[in-house]
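Based on the provided sequences and hints, a complete structural model is requested.
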Amino acid sequence: MIANAYELIVYILTMTGIYEPTYALFQSFGAEYLLRVIIVFFEIGILFVFVLLTVMFLTWMERKVVAMVQSRYGPMVTGPRGLFQPVMDGVKLIGKEDIIPEKADRWIFTLAPFIVFVPALLVFIPLPFGESLIISDLRVGLLYIIAISALSPVAILLAGWASNNKYALLGAMRAVAQDISYTIPLALSAIAVVMLTGSLSTVDIVNAQSGTWFGIIPKWFILLQPLGFVLFLIASIAEMGRIPFDFQESEQELVAGFFTEYSGMKFAMFFLAEYAHLFAVSGIIVTLFLGGWSGPVLPFIPVQITSLVYFLIKTYVVIFFAMWLRDTVPRVRIDQLLNLGWKIMIPLALLNLLVTGFLVTAGVI
Amino acid sequence: MNGAEELKQSLPSSVISTGMQINKPLAVIKKEDILPVASKVKEMDFDQLSVITGIDYQDRFEVIYNFFSYRKKENLVLKVILDHDSPAVDSLTSLWKGADWLERETYDLVGIKFTGHPNLTRILLPEGWQGHPLRKDYDMDTEQFVTIGEDGEDIVSTDGSKLLRRK
Amino acid sequence: METDEFILNMGPVHPSTHGVLRFKLRMDGEIIKDCQVVLGYLHRGTEKLAEMKTYLQFIPYTDRLDYISAMPNNYAYVKAVEELAGTEVPLRAEYIRVLAMELNRIVNHLVFMGSLLLDLGASTMIMYGFREREKALQLFEMLCGARMTFSYFRIGGVREDLPEGFIPKLNEFMNDMEKRITDYEDLINGNEIFLMRMKNIGVISAEEAINYGMTGPSLRGSGVNYDIRKMEPYSIYPDLDFKACVYPECDSYARYMVRVDEMRESLHILRQIVDTIPESNVIATQKYGVAPMTGMPYTAQTYFPRIFTPPAGEVYSRIEAPKGELGFYVVSDGTTKPYRVKIRSPSFCNLTAIPKMVVGLKIPDLIAAFGTIDVVLGDVDR
Chain U
1 MIANAYELIV YILTMTGIYE PTYALFQSFG AEYLLRVIIV FFEIGILFVF VLLTVMFLTW
61 MERKVVAMVQ SRYGPMVTGP RGLFQPVMDG VKLIGKEDII PEKADRWIFT LAPFIVFVPA
121 LLVFIPLPFG ESLIISDLRV GLLYIIAISA LSPVAILLAG WASNNKYALL GAMRAVAQDI
181 SYTIPLALSA IAVVMLTGSL STVDIVNAQS GTWFGIIPKW FILLQPLGFV LFLIASIAEM
241 GRIPFDFQES EQELVAGFFT EYSGMKFAMF FLAEYAHLFA VSGIIVTLFL GGWSGPVLPF
301 IPVQITSLVY FLIKTYVVIF FAMWLRDTVP RVRIDQLLNL GWKIMIPLAL LNLLVTGFLV
361 TAGVI
Chain Y
1 MNGAEELKQS LPSSVISTGM QINKPLAVIK KEDILPVASK VKEMDFDQLS VITGIDYQDR
61 FEVIYNFFSY RKKENLVLKV ILDHDSPAVD SLTSLWKGAD WLERETYDLV GIKFTGHPNL
121 TRILLPEGWQ GHPLRKDYDM DTEQFVTIGE DGEDIVSTDG SKLLRRK
Chain E
1 METDEFILNM GPVHPSTHGV LRFKLRMDGE IIKDCQVVLG YLHRGTEKLA EMKTYLQFIP
61 YTDRLDYISA MPNNYAYVKA VEELAGTEVP LRAEYIRVLA MELNRIVNHL VFMGSLLLDL
121 GASTMIMYGF REREKALQLF EMLCGARMTF SYFRIGGVRE DLPEGFIPKL NEFMNDMEKR
181 ITDYEDLING NEIFLMRMKN IGVISAEEAI NYGMTGPSLR GSGVNYDIRK MEPYSIYPDL
241 DFKACVYPEC DSYARYMVRV DEMRESLHIL RQIVDTIPES NVIATQKYGV APMTGMPYTA
301 QTYFPRIFTP PAGEVYSRIE APKGELGFYV VSDGTTKPYR VKIRSPSFCN LTAIPKMVVG
361 LKIPDLIAAF GTIDVVLGDV DR
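Protein chains in written order, with this note's numbering: chain U, 1 to 365; chain Y, 1 to 167; chain E, 1 to 382.
No lab work stands behind these hints: they were computed from the structure.
Since we're looking at a predicted model, the values are computed, not measured.
Some clues are possibly wrong.
Unchecked claim - Facing chain E, a subset of chain U residues (Cβ under 7 Å, in silico):
(1) 69
(2) 70
(3) 244
(4) 327
(5) 329
(6) 330
(7) 331
(8) 332
(9) 333
(10) 336
Stated by the list, open to error - Straight-line Cα separation of at most 25 Å, DSS-like style, residue types lysine-lysine; simulated pairs:
(11) U:343 - E:362
(12) Y:97 - E:33
(13) Y:42 - Y:73
(14) E:243 - Y:72
(15) Y:73 - E:230
(16) U:166 - E:24
(17) U:166 - E:33
(18) E:53 - Y:136
(19) Y:72 - Y:40
(20) Y:8 - Y:73
(21) Y:72 - Y:8
(22) Y:97 - E:356
(23) Y:136 - Y:31
(24) E:135 - E:179
(25) E:356 - Y:42
(26) Y:136 - E:337
(27) E:362 - U:166
(28) Y:8 - Y:42
(29) Y:79 - Y:42
(30) E:48 - Y:79
(31) Y:97 - E:362
(32) Y:79 - E:337
(33) E:199 - U:343
(34) E:48 - Y:113
(35) Y:8 - Y:40
(36) E:24 - Y:97
(37) E:48 - Y:136
(38) Y:73 - E:243
(39) Y:72 - E:230
(40) Y:42 - E:230
Here a beta-carbon is modelled for each residue, glycine too, at the ideal position from N, C-alpha and C.
Shown next as structure tokens:
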């Protein structure tokens, strides 16, 4: 059983016969740890490139999905069916003038987009893309994911503060309020899943969902935890700041969002971070509730590839749902939003926890 | 009997004449008595004030009020004649809140002052505008320039030199 | 901890003020304590221009008042002059006029729905609304050649008769529209988020609404059954069967529902017109001065003199425009140009009530309430 991507790469290299001689070469310098480091950088590089390509693809997909719902075409001019649109957007944003407001705090102003972007990438480490396609199977994977996601309010406040604009600061404070009030039901719903598996490791969670009842119905946690699934879904859409919870980015709202003063590449980083976050959160929903990469095994194809395909299909279904939701419903007002988070979702999440705990102790599930 | 005749019966000293304005009853009122007449009109169930029109004739100003009653489905027109030098009449904002902006517009464009109005300032033209455009003696040859000041307030001037330029 | 009030400026350039309109809001945190409306950014001096143009030349200026629904603007002016001059209008022309106006009412309410929902965050409805509006604008283009500023009406009738193939296309549009309104109602009316944003927002009671001079669908949303087409019927409305849509709840949701129901009533009226339209001339025979030209039963623009002098007098005539009561007060002194034209625009008078509606609410509520008043700045500023 190949446990993670490092071992997968070593396995492939051994099969093709490259590993042994290079290991011997490095060992002659007394630096076999250097080989390990190179392989780790390589696998992280693959992940990085994959995530960036996916994020660019997602920007195109969002515009196409929204256009489909609104019965129009979307981007069609740049490239076949508009596929090079994200590239063109990136080129345009790089070419824009990089304005830093006069009285803004230069260092923090420049750093804030990166502090938003990096956690969005770090979240992918314990996310299992397929069988043995995981960077590192942390034993506390789920806790790590939630902890890293909780870094984004800090970065948002930094961005709002460093802009030296009272409206940006107000917008940042509202975004932080939204973020932290929805992290709580998110975490509580995730804990219910942990109760069912008995482990925080993402690979264990996916393995607990393998198999079927009566040969047809897969043992996904969405069937055992319907309320938890709904709460997790709503909480993650609220955390990401998408419609119906996107009063931050609404042009019709008066107070501008925390990224008002940003232009050019820094602005692009906020947006890339948002789409990376979308991809990561969909991946987490798939891992926790929709069975991760589990699916029927096909005979001649290695299980790593089929599991990757299943994972991506399920993730894109969740992403499509989020995009579909975006152009169907209106926005929720900020006080209604916080009302929903604190007064409705937290009690429901606690109730979910209670019922799950009761059923688990009673041995039913 | 229609509204104008009823008005003449109840307040005969205020009504100068009654008549018809193409199938709407018309009553010409003394300008000092417009407030009591208007309260009587409101009592007579004419609850909608449709429009306030100010007209500049050569020798006088006229202000015309059009009323409508929802319950009785009747119209009533009141006309007030003001003198040409300083036209002023009482404001009806205490009875109809909709008269607020209609009177401001009449003041702005025709130049009729409404005494007792809570906030008689220009509404359609910027604050510093010279003259009242809908008067017949309005000077249409001088150009007035409007720019925006530091706080977003309008600055009106007749020479183009105060136009806002980027430093 | 002490808090201070601050002044927030919802400036002239803003996506959801439907034009150049400025709100000066005094805010205490999130709550609006006072709202001051600053107008006049689109003032073009239409009333002064009227004194320098002949009666016929002023008709294109009336298009530009409420540019979303230009046909009723034309009609209000033309009706005032016809009342002053005592002109009779042929029956077919009246039918065509009401057809154009009701079609324009549907277009106006589609734009209303689209922009209201765009302000609330659902960007799909405006795309659908403009798609339907496109079909209606193509009908208008068949009718008079223009899509937005029509100048179709003349004193004494309309400019040209209905072209060939107009009625079948209109029938197609009506059948399509019937289904679409049902679709939109299913999508929007029951949406919980929409209800949360609109119910009990921007409440104004019936007596206050009448006192402020509100008219039209905004007033009917407060339970007052005031529709000029029923109260003081004009044109062929006495012969048509329709009902005025009234909702008693006085909030934004009621005003929205009134307009959706009005769209259906307009379709009903259009069907009756298409069934019963008579054959006759479309423009009146002349009544003053110039000798008539004979022949040419339709498109008889030459029947009616271009330079036209009504008798001296004053008239105030009003119609039910899609936004409310649109009235023209025309004063004539017997010459070819009017002495004074005063335009009573519905958006201007409806806007008076906004400060009352909005105090104590938050900014998203201001946007929702303001969207249901359905203001067009060309109408407000003239």
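To see whether the hints hold, each was checked on the structure:
1. 69: 6 Å, holds
2. 70: Since chain E brings a Cβ to about 4 Å from residue 70 of chain U, closer than 7 Å, the hint holds.
3. 244: 6 Å, holds
4. 327: Cβ of residue 327 of chain U sits 5 Å from chain E, so the hint holds.
5. 329: At about 5 Å, which falls below the 7 Å cut-off, the nearest Cβ of chain E leaves the hint on residue 329 of chain U intact, so it holds.
6. 330: 4 Å, holds
7. 331: 3 Å, holds
8. 332: 6 Å, holds
9. 333: 5 Å, holds
10. 336: Holds. Min distance 6 Å.
11. U:343 - E:362: Distance of about 20 Å is within 25 Å: holds.
12. Y:97 - E:33: 19 Å, holds
13. Y:42 - Y:73: Between residue 42 of chain Y and residue 73 of chain Y the Cα gap is close to 14 Å, so the pair holds against 25 Å.
14. E:243 - Y:72: 20 Å, holds
15. Y:73 - E:230: 10 Å, holds
16. U:166 - E:24: Holds, at about 18 Å.
17. U:166 - E:33: 20 Å, holds
18. E:53 - Y:136: 15 Å, holds
19. Y:72 - Y:40: 16 Å, holds
20. Y:8 - Y:73: Satisfied, since the Cα-Cα distance of roughly 20 Å is no more than 25 Å.
21. Y:72 - Y:8: 19 Å, holds
22. Y:97 - E:356: Distance ~11 Å between residue 97 of chain Y and residue 356 of chain E Cα, so the pair holds.
23. Y:136 - Y:31: 22 Å, holds
24. E:135 - E:179: 14 Å, holds
25. E:356 - Y:42: Measuring from Cα to Cα gives roughly 22 Å; hence the hint holds.
26. Y:136 - E:337: Status holds; Cα separation ~14 Å.
27. E:362 - U:166: 18 Å, holds
28. Y:8 - Y:42: 15 Å, holds
29. Y:79 - Y:42: Cα-Cα ~16 Å, so holds.
30. E:48 - Y:79: Distance of about 22 Å is within 25 Å: holds.
31. Y:97 - E:362: 24 Å, holds
32. Y:79 - E:337: 23 Å, holds
33. E:199 - U:343: 20 Å, holds
34. E:48 - Y:113: 20 Å, holds
35. Y:8 - Y:40: 11 Å, holds
36. E:24 - Y:97: 20 Å, holds
37. E:48 - Y:136: 10 Å, holds
38. Y:73 - E:243: 17 Å, holds
39. Y:72 - E:230: 13 Å, holds
40. Y:42 - E:230: 23 Å, holds
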